[in-house]
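In order, the protein sequence lines correspond to chains A and B.
Note that the UniProt record's numbering gives residue 73 to position 73 of the first sequence, counting from 1, and the numbers run on in steps of one.
Note that the UniProt record's numbering gives residue 287 to position 287 of the second sequence, counting from 1, and the numbers run on in steps of one.
Bear in mind the hints are in silico, worked out from the structure with no lab data behind them.
In this text, a Cβ means the ideal position worked out from N, Cα and C, and glycines have one as well.
Any given hint might turn out to be false.
No more than 25 Å apart at the CA atoms, straight line, and that leaves these computed lysine-lysine pairs for DSS-like [claimed, not checked]:
hint: 1; chain 1: B; residue 1: Lys605; chain 2: B; residue 2: Lys542
hint: 2; chain 1: B; residue 1: Lys335; chain 2: B; residue 2: Lys376
hint: 3; chain 1: A; residue 1: Lys44; chain 2: B; residue 2: Lys581
hint: 4; chain 1: B; residue 1: Lys224; chain 2: B; residue 2: Lys175
hint: 5; chain 1: A; residue 1: Lys44; chain 2: B; residue 2: Lys455
hint: 6; chain 1: B; residue 1: Lys450; chain 2: A; residue 2: Lys44
hint: 7; chain 1: B; residue 1: Lys123; chain 2: B; residue 2: Lys209
hint: 8; chain 1: B; residue 1: Lys87; chain 2: B; residue 2: Lys31
hint: 9; chain 1: A; residue 1: Lys44; chain 2: B; residue 2: Lys567
hint: 10; chain 1: A; residue 1: Lys44; chain 2: B; residue 2: Lys322
The following label-pair restraints were derived from C-beta to C-beta distances [unchecked claim]:
hint: 11; chain 1: A; residue 1: Phe70; chain 2: B; residue 2: Lys542; range: 48 to 54 Å
hint: 12; chain 1: B; residue 1: Gly285; chain 2: A; residue 2: Asp156; range: 35 to 41 Å
hint: 13; chain 1: B; residue 1: Ser585; chain 2: A; residue 2: Asp156; range: 25 to 31 Å
hint: 14; chain 1: B; residue 1: Lys542; chain 2: A; residue 2: Pro10; range: 46 to 52 Å
hint: 15; chain 1: B; residue 1: Pro461; chain 2: A; residue 2: Asp156; range: 21 to 27 Å
hint: 16; chain 1: B; residue 1: Asn485; chain 2: A; residue 2: Asp156; range: 28 to 34 Å
hint: 17; chain 1: A; residue 1: Asn109; chain 2: B; residue 2: Glu583; range: 28 to 34 Å
hint: 18; chain 1: B; residue 1: Asn485; chain 2: A; residue 2: Ile13; range: 50 to 56 Å
hint: 19; chain 1: B; residue 1: Gln569; chain 2: A; residue 2: Pro192; range: 24 to 30 Å
hint: 20; chain 1: B; residue 1: Ala639; chain 2: A; residue 2: Pro192; range: 19 to 25 Å
hint: 21; chain 1: B; residue 1: Lys455; chain 2: A; residue 2: Phe70; range: 40 to 46 Å
hint: 22; chain 1: B; residue 1: Asn340; chain 2: A; residue 2: Asp156; range: 46 to 52 Å
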Amino acid sequence: MKKVYLHPLPVRIWHWINALGFILLIITGAQIRFAEQLGLMSFKTAVQIHSWTGFILLANYFIWLIYYLFTGKLFKIYIPPFWRPVDFIKRSIKQAKYYGYGIMVGDKNPHHATPDNKFNPMQQLAYLSIMVLLIPVQILTGLMLWDPELFGGLIDIIGGIQIATLIHTALWVFFSAFIIVHFYLASLGHTPTAHFIAMITGYEEEHDEH
Amino acid sequence: MRTLLISAVIVICFLLSYFAKIEVALSDSIKDCLRCHSSKALTKELLSKETLSLYVDGSKFEKSVHGALECSACHTDITMKTHPRPKKIESRKAYVREVSQNCLLCHPKDALMKPYMHGALVKKGELTCAECHGSHYIEEMKGWKKTESFSGYCLFCHKHEISKTLPSKEIISLKVNQEEIKKSVHGKFECIVCHSDFSKINHPSYNLKTKSEYRTRMTGICLKCHTDAELQKNPSHYALSKTASCIECHGSHGVVSVKAAKALPINQYCLSCHSRAISMKMKNGETLSVQVKESDILGSAHKNLKCNECHKEFSTTQHPVKVYESIADFREKAKDNCNNCHKEAVAKYDKSIHAMALKKGNANAPDCLRCHDYHKTPWIKSDKVSGLQLCARCHAKETDAFKTSIHNTALTQGKKDAPACAACHNAHDVLPTNIAKINDSCVKCHKNIKDSHNKWLWNPPFRLTTFVETHFNSASCSACHISGNKVLSLVLIDKDKNKALTEKEVAKAFDVDVKEVKGKVDFNGDGKVQEGELWQFMSTLKKKVNADLAGRVDVTEANDAHRIVAKAQAIKDCEACHNPKAEFSGRLEINREDAKAIKLNLDRKAFNSVKAIPNISDFYILGSTKISIFDILFLLALAAGLCVAIGHITLRILTSPIRRRRREGK
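Chain A extracted, bound-state conformation:
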């Protein structure tokens, strides 16, 4: 059994702050929206926690960004090889087939994670769009709703606070579903807790495939 140092410390810190933050944001977001039905806390408390957490995640985003920019891994890990599109598409289909079928019949995972090639093609697509597009958009629309006067210029650009709300809510819906699926997929290691432990220790144990 081999151990691979897959998740460096800054990434692990970022990840767990993000994970907790996401859960808090989703819950307080739901409280803001379903004030009457949930009743976990007052509107004011929900907003305060939501705002604090939002800013923590904003700072946290920069941990991720700075780490990956400075180590140059952003390009290696996150950017799909668009210069070899056919190969990438083939690998993506292969990976999808694995999740939909291969995993059931005991096929080997076509992707082998290494520190420089952490994500399979589907992960690459998902995380790239989430990290580079969806989270920044959620942060920006969050800021617009946090202080519509201060970010009035941005609101005008996108066409009004209703659009900001629309985007922020739509992404809240998406992230809520994503978190569930992400959590489930994380249990698909060689043991259900393998990936979770790896994200704590940094080391992914490599088993001989059955």
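Given chain A, put chain B in place with the hints provided.
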């Protein structure tokens, strides 16, 4: 003492009577009376302190119509046995009245009532017999009537205090002062020159109802000599003569020429006519009083001004004849007089809702004169309560609401900065509240309002005043600072021009008359704009104009905005608004250029519709105007996420025998 005095007088009279020669052929009994009463020294002091002469000229008495009568024929209560006796007499008038009763012994009242006018005088009892006819030297009337001059004949009665009560209860004095006539321009006229329908044998009675009718009638007399042609030589005087009676200025009997007044200071010159009850007629038949009370001017802020400093076209030599359509037209033009000095105030007023209302024909709308009065223009007072009272003359409901406010408490406590109406609404440029940005007026006094709100109204982690501004931009101050009902109000705006769309512009976009605009929003005419109606209206409108709906939280009843409560009672609870169950009604406003906005009830659900996103693009209240469909999408997404996970697990469980066999096969 008194008895001694009377006895002494009697003794002296008797002694004197033997020396004085009573030559006239009078009866003995009369001579007996005259023994004392021929003395001019015989007088009596009355209770009113008047002195009554008891002297009788025997020879004159003998020539009178009663010359053959005994004294006792009239003085029935006096005999030598009882006379003299102390008799208390109240006054000369009372004595005359009492003595006149004795005339009725021979002249029965029926006979006195026969001549019409004489009868009227007797009936009214204003005059007694002796007042006109005298007491001891009464002449025969028939002969007198023939020889007396006309004026003497008339004045026989009219020199006395006689009067006439008209059906309007007004009393006209009929007394004529002969001296006044003599001094007048008509000094040489006999009465009948003017009163030509009267003569020694004819005395008509006018059945006039009011003093004003009487004056008009009398003015007709003047016009017999002073013809229209003559009056037209002076156009203003001619115009005046058509609305005012001659006697108003010139007097009735003491007619004077008014020309002399030109030497007076201009204010006095003007007032020589305008202090009287004169009026002018408008083209539409309305009458406007042009009377000016000197006391009003002297008590006003304009007391040092000359009349023609405001009324510039008028002077002692010029009096143009003005013609106005109506009183409203007159008032509109009167503003020009104010504009001579108060240019800034008039310019501001012209933009005001008051000016707009006046222009639209609202007769009650205020102009300069309605608030500042014509000539009574008051000094601007620092006392704001009087300002409040001024507005209250028309805005009673609003004033009552204001009186419940903390502002009024401050006002009654005499606090220096306490506001009255004009503090928020301005004095002259009073605007409709939807145009006035009424929150700005709050900020005028409450200077550090953003900082003070920022003490509690901020969104962590940073305490920024922009967060306060966000709330100020989307709620009226009164929404939180009163305790009444709240409304989510949508104002129709033009996004390109970034200003409110007016009813006129909407009418133009729909190519209909302004009156039909309401019907274009509220199709079914039920007085409430349903969600479907609003979106259809917006979609049609957007084809022509880049329309949008700007929202704000406000008070449902505009008047409630006057009921500002103390700071401690203001709303600080976020959930008062940020709650799906927050109690708001809905309202749609379409502005008008020259009046208050059209306000329509709006279905509150419109704010939660997905169509609010493109149509109410810049108004969103976290919690209360959320788009409902996203709640369903959120639940669906959660369910989908769970389904993917559970479905995948299920498949993996179901396929686990395959994997086991494969492992074992290996």
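Results of checking the hints against the structure:
For the hint pairing Lys605/B with Lys542/B, the CA-to-CA distance comes to about 21 Å; that is within 25 Å, so the pair holds. Between Lys335/B and Lys376/B, the direct Cα distance comes to roughly 15 Å. Compliance with the 25 Å bound is thereby established for this hinted pair. Between Lys44/A and Lys581/B, the direct Cα distance comes to roughly 16 Å. Compliance with the 25 Å bound is thereby established for this hinted pair. The straight-line distance between the Cα atoms of Lys224/B and Lys175/B is roughly 23 Å, inside the 25 Å bound, and the hint therefore holds.
Among the hinted pairs, Lys44/A with Lys455/B is consistent with the structure: their alpha-carbon atoms are about 15 Å apart, no more than 25 Å. Using a Cα cut-off of 25 Å, the hinted pair Lys450/B and Lys44/A holds, with the two alpha carbons roughly 20 Å apart. With a C-alpha separation of about 20 Å, the suggested pairing of Lys123/B with Lys209/B holds against the 25 Å cut-off. Simply put, Lys87/B and Lys31/B have alpha-carbon atoms about 22 Å apart, close enough for the 25 Å limit, and the pair holds.
At most 25 Å may separate the alpha-carbon atoms for a hinted pair to count; Lys44/A and Lys567/B meet this at roughly 21 Å. Our distance criterion of 25 Å between C-alpha atoms is broken by Lys44/A and Lys322/B, whose separation comes to about 70 Å. A hinted range of 48 to 54 Å for the beta carbons of Phe70/A and Lys542/B is consistent with their spacing of about 50 Å. Between Gly285/B and Asp156/A the C-beta distance comes to about 59 Å, which lies outside the given range of 35 to 41 Å.
The hinted range of 25 to 31 Å is satisfied by Ser585/B and Asp156/A, whose Cβ atoms lie roughly 29 Å apart. Range check, Lys542/B to Pro10/A: about 50 Å between beta-carbon atoms, so the 46 to 52 Å window is met. In this structure, Pro461/B and Asp156/A meet the distance hint of 21 to 27 Å, their C-beta atoms being roughly 25 Å apart. At about 32 Å, the beta-carbon gap between Asn485/B and Asp156/A stays in the expected band of 28 to 34 Å.
Between Asn109/A and Glu583/B the Cβ separation comes to about 57 Å, which falls outside the hinted range of 28 to 34 Å. Our hint of 50 to 56 Å for Asn485/B and Ile13/A holds, since their Cβ atoms are close to 52 Å apart. The hint said 24 to 30 Å for the Cβ distance between Gln569/B and Pro192/A, and at roughly 58 Å that hint is violated. The given range of 19 to 25 Å is respected by Ala639/B and Pro192/A, whose C-beta atoms sit roughly 23 Å from each other.
The beta-carbon spacing between Lys455/B and Phe70/A, approximately 42 Å, falls within the hinted interval of 40 to 46 Å. A hinted range of 46 to 52 Å for the beta carbons of Asn340/B and Asp156/A is consistent with their spacing of about 48 Å.
Taken one by one, the earlier hints fail for this structure at numbers 10, 12, 17, 19, listed in ascending order.
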